[in-house]
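Trainee: Model the full assembly from the supplied sequences, consistent with the hints where possible.
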Amino acid sequence: MSIAKAGDDAGSVIYISDNIAVDVSRRYITLSKKSLVTEDIVAIEFASALDEVGVSYTVVAGYVAILFGRSRRSDDIDFIVEQMDMDSFLDLCRVLRERGFDVMQGDICDPGSLRRLYERYLAEAYAVRFMYRDVVIPNIEFRFAKTLLHKYSIENSLVVILNNRYRIRIAPLELQIAYKLFMGSNKDVGDAVFLYTLFKPILQRNEIRGWCEQLGIDCSLLEEVAESG
Amino acid sequence: MVDEELVRVLKKEHEKNLKEIIRQAVWNAEMVRKLGKKWFEIRDKWLEEAFKRDRELWRDPKIREALVKAILTKHPAHKL
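As they're listed, the protein sequences go chains Y and U. Here the numbering used here runs 172 ahead of the position in the first sequence, where the first position is 1. Here the numbering used here runs 3 ahead of the position in the second sequence, where the first position is 1.
Certain hints may be false.
Claimed, not checked - Here are the simulated DSSO-like pairs of lysine-lysine, each with C-alpha atoms no more than 30 Å apart in a straight line:
#1 U:K55 <-> Y:K372
#2 U:K77 <-> Y:K372
#3 Y:K206 <-> U:K77
#4 U:K15 <-> U:K77
#5 Y:K359 <-> U:K22
#6 Y:K206 <-> U:K40
Calculated from the structure, these hints are not laboratory results.
Mentor: See below:
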C-alpha cells in the first residue's frame, strides 16, 4: 500500500494534483512521475548517503521548488546537515566516494585533504561542495546547521517519497516560503509564489506570517497572490 | 534630475519584471495542479535536454576545469 493510500485511511491526505499527495498529520508528501531528472538523482544519492551514516539533514532552497515542478534549473542543491565530528565526516566522505561523489574544494580520497576541509570550511561555518560522477551542475552545497532556522528546518522537516521508492527530507514549506521572500531576488520571489500557490490548501498561513515577522519582511505579496487566484 | 529619472525608470522596470515573474510562477503552479504527471513529463524532458547540452561541453577537460573554477569563484565559501 502506498503512503498516500495509507494516509487516506487516516483521512488526512490532501491531493495537490494527480501525482502529489500530502499526508498532513504524518508530514509525508508523495510524488510520482515517469522518470527522474539529474537534479533528482544527485539529491537522492546524496540523501541516501546521509541516511546510511545516520545523519539528520534537510534540503532547502531552489531544489525544493524544482522537485515539485518549478520550470527552472539550479546550479546547486542545498543540504543543511546536523553538526558532525571529524571522524563522522570522514566516514560520510567514504560513503559518498563509494557512491560516486567527489569534493570540489579538495580530494575525497585523501583523508588529510578532508581534515583540512573540515577545519577550514565546515568548522568555520563555510559550505563544502560535492560533485556526483561527471555532473558539474547541479552540485551539492553542504553545510552544517549553525543557526536556529537551520536547526528548526531539520527538526521539522517533511519527508518526500518519490515514486514510492526514494526518500528525501525537505525543510518546512512555510519557512521555505518566508525565507525565499527574505532572500528577495526575482528568482527567490518566484519560487516563494510557486510553492505558496501550489501548496495553498495545506499551508499554515499564520506560520508563514510568523516567520515573515521574525525575518522582518512584508508577506502581503502572498495575500495578493492568494486573492487574485 | 537625470539621476532621479533613471531611478524611476529602473524601479518601474524592476516592478514590471517582478510582476511577470509572479505571473509565471502562479501559472507554473497551476500547471502542476491541473496537469500533474503530464506536466512533470513535459518539464523533465526540457530539464534533461538542457542538462545534456551542458554535459556535452563538460566532456572537454579544459572547459570542465574552467567551469569548476568558475563555480568556486562565483560561489565562494560564504560564511553562514
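Trainee: Evaluate each hint against the coordinates.
Mentor: Hint check results:
{"no.": "1", "hint": "U:K55 <-> Y:K372", "in the structure": "violated (34 Å)"}
{"no.": "2", "hint": "U:K77 <-> Y:K372", "in the structure": "violated (35 Å)"}
{"no.": "3", "hint": "Y:K206 <-> U:K77", "in the structure": "violated (34 Å)"}
{"no.": "4", "hint": "U:K15 <-> U:K77", "in the structure": "holds (29 Å)"}
{"no.": "5", "hint": "Y:K359 <-> U:K22", "in the structure": "holds (12 Å)"}
{"no.": "6", "hint": "Y:K206 <-> U:K40", "in the structure": "holds (7 Å)"}
Violated hints for the displayed structure, listed by number in ascending order: 1, 2 and 3.
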